[in-house]
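J.: Below, each chain spelled out in residue letters.
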Amino acid sequence: MSVNFLIHRAKEIQAVIDANASEIEKLDQEIGDGDHIFNVQRGIKLVIELEAVIKDLPMSKALNQIAMKVLSGIGGSSGALFGTLFMTMAKGNDIDNGVDYKKAIEIFADGVEAVKQRGKADVGEKTMMDVLIPVSNCLKKGVDDNKDVKEILKEAIEVAEKGMFSTKDLLATKGRASFLGERAKGHIDPGARSSQLMIKTVCESVLNS
Amino acid sequence: MKKFMNSADDFLKESLQGFGAAHQDIVNCNYDPNFITRATPTKEGKVALISGGGSGHEPMHGGLVGYGMLDAACPGFVFSSPTPDQMLAAVEKVDSGAGVLFIVKNYSGDVMNFQMAAEMMQGPNESVLTNDDVAVEDSSFTTGRRGVAATVVVEKIVGSLAEHGGSLQECKALGDKVNKNSGSMGVAFSSCTVPAAGKPNFDIGDDEMEFGVGIHGEPGRRRDKMKSAQEITNELLEAINEDLKPEANEEILLFVNGMGGTPLTELYLIYDNAKNMLDKKNINISRSLVGNFCTSLEMQGASITLTKLDEELVKHWDSNVHTAAMRWGM
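Going down the list, the protein sequences come from chains A and B. In this text, residue positions in the first sequence follow our numbering: the first is 106, and each later residue adds one. In this text, residue positions in the second sequence follow our numbering: the first is 123, and each later residue adds one.
Since the hints were derived computationally from the structure, they do not count as laboratory data. Any given hint could turn out to be false.
Here are the in silico distance ranges between beta carbons for each label pair [said to hold, decoys possible]:
1) B/325 with A/229: 46 to 56 Å
2) B/295 with A/227: 30 to 40 Å
3) B/345 with A/134: 20 to 30 Å
A virtual CB, placed ideally from N, CA and C, is assigned to each residue, including glycine.
Make a model of the complete structure from these sequences and hints.
T.: Structure representation (structure tokens):
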């Protein structure tokens, strides 16, 4: 994983999110306040705009710049959560000397754990953590079991989708949807949908390379 | 939407510029990142108090920067938390070496962003998290009780202690104590409109009120039909008393706060009605505050805050203060 890799994945994610924007916006209008898609689109745009600044930087510095950008550029809870993800990844041990897929999985899992702490949300609370935590666990287990990287990524795509659909029948206890109580049931969480799309995009891109 | 604005994008910037120019003897406004400091530097050895939150609650917090209260405030966009780069820039400017106390209202976005700033900054720091709103345990923007108008009381009292040489730990402890001794609850008659959204945050009928409303118009305990001022006041006080349990003859601060769209005439009427009820319970109102301090844009409505006082709290409440929104003794 290189800085160039990150920028290219961000561009692919932008295309996929844009293509699904109206669906995500609709999900958010049903159970949130309708601003999730704009936050996600703004965040991705800011990361892509950083290309010239970060393309020649070591990985830790590039990830830190991305973290600071989403932190101040998205703002609110979303900015803090995504900022935490990248800031934690930036702290990964020895990442400036190359990041293979095992290292990438390790720092991603550390990042997801930090996001979980920051937002104090776990699996089963109808948030993006219903996608990120199972995916992180699946990736880590794949490495521990010495599975082939392609196997691991295929599995992660399935786990992400399952996690995303699981939010449909959950009662929200965290985030905006929590106030709706029973009324939020039957709706997929927009944050779970957008993160599932991002995971899928990155995994498929690696599989097809 | 009817608002004094030129464009939603420039709304906050122009408002901050006006605030800075109008009160240049007290504050200094900084832009990109946005933060407000005192016009005079924090004196050496004084704990620096920094607060902040979404804009739209003015005068909280920028109007509370000045002698005897805050050293800096970080305004986010309207109803959106400030970000760590703002807090870090404010720290850089006002930390005199004695440490930084962050005063944060319990709203998820604020909590996470201040937490990150605290982790990223160098040097000693502590945080006081206010959660005085007795209306609901969790709500649309919060895990746990919301932090509302008592934040003003915390900032006044801790501000005084810091001014008089209190250490970081002493300031933190006093802030927690004031928060614990305070309870608030609000009611809204009308909604409010975030400039960038262009439409009201919630719908409410002409004959309805949201009882226990949050400071962004988030839902409270229930939607009620309109009632008399005395009935509304009694219900607010009953909810607060149930939580705070002030004893007979206990001294309290009675703080009637306007949400932005209710005239002072009505706020004083609420004060009268609240005094009626508290007198009957033999609760001793020893200090008072009435006005628009923790607002919700143009929302019609009000909140009541009670703070149980002791000698220490009274001393720091009475001490000199000079900010854009509160000034006495000097």
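J.: Taking each numbered hint in turn, which are not upheld by the structure, reported in ascending numerical order?
T.: Number 1 only.
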